[in-house]
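Undergrad: What follows is the residue order along each chain.
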Amino acid sequence: MSILINKHTRIIVQGITGHEGLFHTQQMLAYNPATVVGGVTPGKGGEWVLDGKVPVFDSMKLAVETTGANVSVIFVPARGAADAIYEAADAEVPLIVCITEGVPVQDMMRVRNYLDQKKVRLIGPNCPGLLTPGEAKVGIIPGNIALPGNIGVVSRSGTLTYEVLYALKLIGLGSSTCVGIGGDPVNGTNFVDVLGMFEADPHTDKVVMIGEIGGTDEEKAAEFIADSMTKPVVAFIAGQTAPPGKRMGHAGAIIEGGSGLAADKVKALQLVGVRIAAHPEEIPNLLQE
Amino acid sequence: MKLQEYQSKHIFSKYGITIPRGRVAATASEAKQIAEELGGRTVIKSQVLVGGRGKAGGIRLARTPKEVEELATIILGMEIKGLPVRKVLVDEAASIEKEIYLGITNDRSQRKPVMMASSAGGIDIEEVAQQSPEKIIKVYIDPLLGLRDYQARNIAASIDLPREHWRNFIDIARGLWEAYSDCDATLAEINPLVITSDHRLIALDGKMILDDNALFRHPDLADMRDMDSEEPEEIGARKYGLSYIKLDGEIGCMVNGAGLAMATMDIIKLYGGEPANFLDIGGGASAEKVAAALRIILSDPNVKAVLFNIFGGITRGDEVARGILAAMAEVKSHIPMVVRLVGTNSEEGRRLLADARMITAETLAEAAQKAVAAAKGA
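First to last, the protein sequences are chains Z and C. Oh and the first sequence: position 65 is 65 in the numbering used here, straight run, nothing missing. Oh and the second sequence: position 361 is 1361 in the numbering used here, straight run, nothing missing.
Treat the hints loosely; a few may be bogus.
[Stated by the list, open to error] Reference listing, derived: stretches of chain Z covered by chain C, where coverage requires no fewer than 3 residues with Cβ under 8 Å from a Cβ of chain C:
(1) 30 to 44
(2) 52 to 62
(3) 110 to 118
(4) 153 to 164
[Claimed, not checked] Quick list of in silico lysine to aspartate or glutamate cross-link-like pairs, DMTMM-like style, CA-CA up to 25 Å:
(5) Z:K220 - C:E1134
(6) C:K1098 - C:E1069
(7) Z:K246 - C:E1234
(8) C:K1112 - Z:E65
(9) Z:K220 - C:E1234
(10) Z:K119 - Z:E92
Derived by calculation from the structure, the hints in this document are not laboratory data. Note that the coordinates shown come from a computational prediction; the quantities given were computed from them, not determined experimentally. Just so it is clear, CB atoms sit at the ideal spot from N, CA and C, and this is done for glycine as well.
Generate coordinates for the entire structure from the input sequences, incorporating the hints supplied.
TA: The structure is reproduced here in C-alpha cells:
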C-alpha cells in the first residue's frame, strides 16, 4: 500500500503539449499506462497526443468531468503556474502536484491561503512529484531507481531523493511512497503532513526524511515525531557547509537572520531520537540497524 | 534582488510616502550641486547594498555645499564591507523627534506577509529584535485581502504613536503594503520612519528586496540590478541558467540538483576537504552548459581539484560524459577531475571518461575521498 497515489490514480497533465509535459507524460504512461487519463492545454482541446493514447482538453473542468481524474500534475511555466493551480482546485481535483520551478512567492502565498479554504492538497511547487513504486508515478522521479517496499520517503530535494532511492535499491530495500515536497519557501504540503500520512499507513514501517537549510519545517517535524510518531525516522539534512544569506539553488534554501541552519535542524531531530546520516549513502545502513 | 536605498525610497514616494528631498550623485561636484539646490544642512549617504553603512563612516552630516563636496569625495573613494561606493545620496537633513521601524516581509512558517513595527526604530533594530522581541509588533496580512486599515490603526496604537499621526501613519502603512505587493518584494522596510520636530512623518531610509522569481513581470525593476554588488562569476553563471555561489575552499563541484549539490559540498567537508563553490547545473547537461560551468569553476585560482557528481535519472549518463569531454577539450586544464556518474547509461559514461584518463568513482563517498586526495596531491 501507499499514501496519496496508487494504481487506481487517474492523472490529468496540465501543460501536456509543452516539451517537459509531453516527455514526462510519456514516462508516466510507460510506468503505468492505466494512470494517465488526459491532459489540458487551452486551445488544443480535441487533439490526442502520444500516438492517440491521451486526449487533450481545453479546461480542467472539462477534463475532470470527462475522465473522472483525481490527480493533476502541473508542468505549466512559472508565469502560469498559480493560475493552473487555481483552475485545478476549482475543478475539485483533490490532489494537485506542481512540478514547476520559479513560481513567485507572493503567488504561492495567495494560492496556499486559497487552497486552505478548500479540501484540496497541493504538493510542491518546485518538486519532483510522487512515486509509489510498482503502482504509479506522478511527476518526474525516474521510475527505474526505486523498488516497492515498506520505507516512506519524504524530501525537499529532487536529485538528492533519487540518490537515496537508488542507494536503497542497491541493497534491496524499497519504498511505500516517495514524496517530493519541493524546495520553495511557501509550498502546499510540509514534512509534518507527510509524516502523519506515513504514520497512518499500515504498509509503511520506517521513514526517511531529507531536509535542507532554510525555514523551520524540520524543527516542526521533530516536534511532531516526538508527539505523534511510533515509526522510526532516519534523516539527512543538506547544507552543513552552506554560507548564511545565500540562496542555495532552491528558493527556500537560505539561512536568514540566524534561522534555518542545518546544525539546528540536526540537533532538534537528534533530540527526539531521529538517527541522522552523515551523508546520503549512510541512510540504508541506519535503516537496517 | 536588493534595491539601493535611493531606488527603494523613490518607489515608496510613488505610493504616497513622504521621503526627504534629495538626489543621487556619482561625483563630488554633482553632490555639491545638489546640496546647493537643497540649501541648509544635508546628509550624504553611500549607496551600497550592505548594512552598517553609518558605523563604517558611509553616512555623514554636512552644513555647507563645500563640506558636502569634501565628504562626498571621501565616501566615493570608500569600500564598505568589500563593496566600492559608486554613488551617494544627498538628502536634506531632518530634525528628528522620534524614530520608528516599519517593515513588511514574508513569513514562511505562517505562509503570509507580516507587517512589523516598533517604537524603537533606528540602526539598532536588529539588536532590539534579538534582545527584546516583545518591542516589535507583528501583524499577519491575509494575502487575498491585503492590509486592512484597522490593522494599520492597531499597529499605530500598539507602538504608542500619538493620535495626531494615526491617519498619516495608516496611509504610509497602506502605501508600503501596496509597494511590497505591486513590486513582488520579499522585504519592504522603512527604518527609520521619523517624526520630525514640525510634526511630519518621513521615510528617512528605505530598503527593498525583490523576488528574483517574479522579475519576469517587472522588467523595469529588473533593470535596476546593481552589478557591482555581485560576484562577476555569479552574474556569468546566471546567463547560462546555472546556479553558482563562490566559497573559500579548494575543491570545485559541479552537480545536478540543488539538494545534491549541497550534500556534495557537505561530504567533501566530511572527508577533510573544503568546497570551492556551490554549483547546480540543473536538468540536462549539454556540452555548452558543462563547459560554461567548468570555465566558471576554474576561474577560481583556489581550485585544486574538481568533483563532478551527476545523478542521471532522466538525464543520460553517456550524454553527460560526452558533455564533460567536449568541455574538457575546450577548456584544457591540468587540474585533476573526479567524476561520479550514476543512473541511466552510467557504465557507458564512466567508460568514456576513463578512456580520457579522468578519475572515476561509483559512490559519493568514494568520489569525495578521491577529490580530497587529488586536491592535496596537487
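Undergrad: It remains to establish, for every hint, whether it holds in the given structure.
TA: So, going through the hints one by one against the coordinates:
1. 30 to 44: Violated - the stretch 30 to 44 of chain Z has 0 residues with a Cβ nearer than 8 Å to chain C, which falls short of three.
2. 52 to 62: That given contact is violated, which follows from only 0 residues of the stretch 52 to 62 of chain Z lying within Cβ reach (below 8 Å) of chain C.
3. 110 to 118: holds (count 4)
4. 153 to 164: With 9 residues close enough to chain C, the hint holds.
5. Z:K220 - C:E1134: holds, 23 Å
6. C:K1098 - C:E1069: violated, 29 Å
7. Z:K246 - C:E1234: The hint holds at about 12 Å.
8. C:K1112 - Z:E65: It is violated: about 33 Å lies between the C-alpha atoms, which goes past 25 Å.
9. Z:K220 - C:E1234: violated, 33 Å
10. Z:K119 - Z:E92: Within the cut-off at roughly 8 Å; holds.
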